[in-house]
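Novice: Chains as they are written, first to last, in the numbering used here: chain W, 20 to 118; chain D, 20 to 118.
Calculated directly from the structure, the hints in this document are not laboratory data.
Keep in mind that a hint or two might mislead.
Same chains, same names: a pair is fine if it fits in one copy or spans any two.
Heads up, simulated DSS-like pairs for lysine-lysine below, C-alpha to C-alpha not over 25 Å straight-line [what the hints assert, rightly or not]: (1) K96 / K107; (2) K31 / K107; (3) K107 / K97.
Just so you know, these numbers come straight off a predicted model, no measurement behind them.
There are 2 protein chains.
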Amino acid sequence: MSLSDLQALIRKMYFAKDQARGVEATFLWLIEEVGELATSLRNGTHEERLGEFADVLAWLATIANVAGVDLSEAVAKKYGSGCPGCGKFVCTCPNSEKP
Amino acid sequence: MSLSDLQALIRKMYFAKDQARGVEATFLWLIEEVGELATSLRNGTHEERLGEFADVLAWLATIANVAGVDLSEAVAKKYGSGCPGCGKFVCTCPNSEKP
């Protein structure tokens with residue numbers, strides 16, 4: 020599945036609600052899902068983790084839809100030419116630095 | 020760009036560091052980026068938002084790599100057959116419910 024497919028799927032499924040709710044209110048849902056992802060990483064099963072990663076991605080796609088951001092463009096711009104820190108495809112940034 | 024491409028790109032770029040750092044320490048970076056995404060949504064430019072969405076996706080992919088989760092499989096399982104709440108491709112869940 021492509022990032023564009025993900026955004027289109029989530030747009031079709033939820034855009035009417037998402038737009039009415041707005042970015043701020045939607046962000047709360049994202050944070051809730053990030054919390055559930057943390058729980059699943061701490062003591063969940065592989066199946067539960069799959070579900071929580073999917074939910075975080077879905078809410079991120081929702082916010083991107085409402086904010087008019089293309090996730091595929093975003094990743095290609097920032098990471099498509101190598102690490103944004105050192106420019107290499109296998110990062111050589113010092114460990115103390117991002118990312 | 021597909022979700023698999025994203026995971027492979029981030030794996031190539033950062034996996035050695037990511038694995039050494041572990042899921043818990045990597046999660047802190049994800050949260051930092053989620054905070055920066057919030058800032059960019061509140062008062063950032065479109066370009067800044069692109070960068071922050073990319074960073075959140077990159078850290079999410081990193082954690083998925085370390086946790087052995089396939090993001091594409093995750094989304095297909097949870098959302099590929101319709102809304103996990105109502106089963107429809109255009110969600111009809113009550114607004115009070117997720118998602």
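Novice: It remains to establish, for every hint, whether it holds in the given structure.
Specialist: Here's how the hints hold up against the structure:
1. In the homo-oligomer, the alpha carbons of K96 and K107 lie at most 25 Å apart inside one protomer (14 Å), although the nearest pairing across protomers, at 34 Å, exceeds that limit.
2. Proximity of K31 to K107 under the C-alpha cut-off of 25 Å is restricted to the inter-copy arrangement: shortest distance 10 Å between copies versus 37 Å within a copy.
3. Taking the closest pair of Cα atoms, K107 and K97 come within 25 Å of each other only inside a single copy of the chain (12 Å); across copies the shortest separation is 34 Å, beyond that limit.
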